[in-house]
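Trainee: Here are the chains, one letter per residue:
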Amino acid sequence: MQFRSLITGSFAALFLLTAFSLNAQSSANAIDRYFQQYLDDDRFSVVYIAPRVFQLLDRLSLGEAEVDDMDAELVRDLASDIRGLRILSTSDGARSFYEEAIAKIDTDTYELLMTVRQGRRNNVEFMIREEEEGVISELLLIAGGDESFTLMSFVGNINLNTIMRLGDEIENSH
Amino acid sequence: MNKSPNYWAELIERYYAGETSLEEEAALRRYWLETDPESKEAQLAAYFEAAAQQEDHLAPEAPSAAFSEQSFAAFMPTVSAEAANEPRLQKVSSARTKGATYRWMRPLLAVAATVALLMVSFRFWPADTEAILAEGEGAVFPLAEETDWSKYEVTDPDEALAILAGSLRQVAEPLRAGARAASPMNHLSKLTNPLPR
Numbered sequence: 595m596q597f598r599s600l601i602t603g604s605f606a607a608l609f610l611l612t613a614f615s616l617n618a619q620s621s622a623n624a625i626d627r628y629f630q631q632y633l634d635d636d637r638f639s640v641v642y643i644a645p646r647v648f649q650l651l652d653r654l655s656l657g658e659a660e661v662d663d664m665d666a667e668l669v670r671d672l673a674s675d676i677r678g679l680r681i682l683s684t685s686d687g688a689r690s691f692y693e694e695a696i697a698k699i700d701t702d703t704y705e706l707l708m709t710v711r712q713g714r715r716n717n718v719e720f721m722i723r724e725e726e727e728g729v730i731s732e733l734l735l736i737a738g739g740d741e742s743f744t745l746m747s748f749v750g751n752i753n754l755n756t757i758m759r760l761g762d763e764i765e766n767s768h
Numbered sequence: 020m021n022k023s024p025n026y027w028a029e030l031i032e033r034y035y036a037g038e039t040s041l042e043e044e045a046a047l048r049r050y051w052l053e054t055d056p057e058s059k060e061a062q063l064a065a066y067f068e069a070a071a072q073q074e075d076h077l078a079p080e081a082p083s084a085a086f087s088e089q090s091f092a093a094f095m096p097t098v099s100a101e102a103a104n105e106p107r108l109q110k111v112s113s114a115r116t117k118g119a120t121y122r123w124m125r126p127l128l129a130v131a132a133t134v135a136l137l138m139v140s141f142r143f144w145p146a147d148t149e150a151i152l153a154e155g156e157g158a159v160f161p162l163a164e165e166t167d168w169s170k171y172e173v174t175d176p177d178e179a180l181a182i183l184a185g186s187l188r189q190v191a192e193p194l195r196a197g198a199r200a201a202s203p204m205n206h207l208s209k210l211t212n213p214l215p216r
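Residue numbers (the working numbering), protein chains in the order written: chain A, 595 to 768; chain B, 20 to 216.
Honestly, I wouldn't trust all of these hints.
What the hints assert, rightly or not - With beta-carbon atoms standing in for the labels, derived distance ranges:
| id | chain 1 | residue 1 | chain 2 | residue 2 | range |
| --- | --- | --- | --- | --- | --- |
| 1 | A | E726 | B | L41 | 40 to 46 Å |
| 2 | B | P126 | A | R646 | 43 to 49 Å |
| 3 | A | S674 | B | A131 | 41 to 47 Å |
| 4 | A | G728 | B | A181 | 43 to 49 Å |
| 5 | A | A666 | B | A131 | 54 to 60 Å |
| 6 | A | E724 | B | M124 | 28 to 34 Å |
| 7 | B | D177 | A | M758 | 23 to 29 Å |
Unchecked claim - Short derived list, chain B residues pointing at chain A, Cβ under 10 Å:
| id | residue |
| --- | --- |
| 8 | P24 |
| 9 | A28 |
| 10 | E29 |
| 11 | S169 |
| 12 | A198 |
Keep in mind the hints are simulated off the structure, nothing from the lab.
Glycine included, every Cβ here is placed at the ideal spot set by N, Cα and C.
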């Protein structure tokens, strides 16, 4: 009797764990499928920077690279915590792609951080994904308007304060 | 033992249906031995008590010997032929023998179930989490390994840094603008929320 209960309990736990894992995976993959869907579409420009390149960036002297007038220390600071970057952008049918991306984002996985309207019809949405409380593991930028659409995904340990400071530096340099 | 007759009647029914726990069966054996030591059930209970004691003293390497058919005859000579042929008792004896035979398999089954659970967990573990834990060993994006990114992969560190800097600029500017636009709201929120005393 107890053995039967143990087996039943184990199967129930296994089922719940599997269901939870599948759900978490499918939620996290929604935006990945979006990338995958348009990866080979000629209308899109695609950039992918793999984790191993970010490891090389840690050792790279910023003096050798073109970083314009940005604060090199802030960029290095951010680069050391970023583990991956993907960019998808197009200027064809930008509005519809933007709306499609917004509709596909699972709000259980990604939390809306901010929506910024630039100009009349150009929106920028920032979404974040937290693996644990207070630690942003992914920052998603979805920018779209009549002229262009950009989907950008930074993965790693994202520090928003450092990005804000970088924004200050850019503004001061103008 | 201060249970109602109905309780024992129900427990006996469940016992013969094979639905009682080990604790309930132990209580039932004590009940039979105390209330009617001459009954067939009490004799059988005495057998199981004796067998359980014998099992406790057995060497670990021979656990299954306790409930063999031979040991039944050796340890329970007082059970009459009539009692041994009683269908209900035969059923219980048979179930007991089978239960004892498979008891040694329980730890193995537990280990097998744990291994299966771990395998299934790792199989369905969210790939992005796994990748983040890998800290750059592989792809950090869930479907990156299933997708051929090589055509679009930036491998030159200088170029990667320039792209990263440009991307961060693209993020930083609207983020800063949004935060600045929101700051009067924060100020207003502080004014409208009284300070805690």
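Trainee: Each hint needs a verdict: does it hold in this structure or not?
Mentor: Status of the hints after comparison with the structure:
no. : hint                        : in the structure
1   : A/E726 / B/L41: 40 to 46 Å  : 43 Å, holds
2   : B/P126 / A/R646: 43 to 49 Å : 44 Å, holds
3   : A/S674 / B/A131: 41 to 47 Å : 44 Å, holds
4   : A/G728 / B/A181: 43 to 49 Å : 31 Å, violated
5   : A/A666 / B/A131: 54 to 60 Å : 56 Å, holds
6   : A/E724 / B/M124: 28 to 34 Å : 44 Å, violated
7   : B/D177 / A/M758: 23 to 29 Å : 26 Å, holds
8   : P24                         : 23 Å, violated
9   : A28                         : 19 Å, violated
10  : E29                         : 15 Å, violated
11  : S169                        : 9 Å, holds
12  : A198                        : 6 Å, holds
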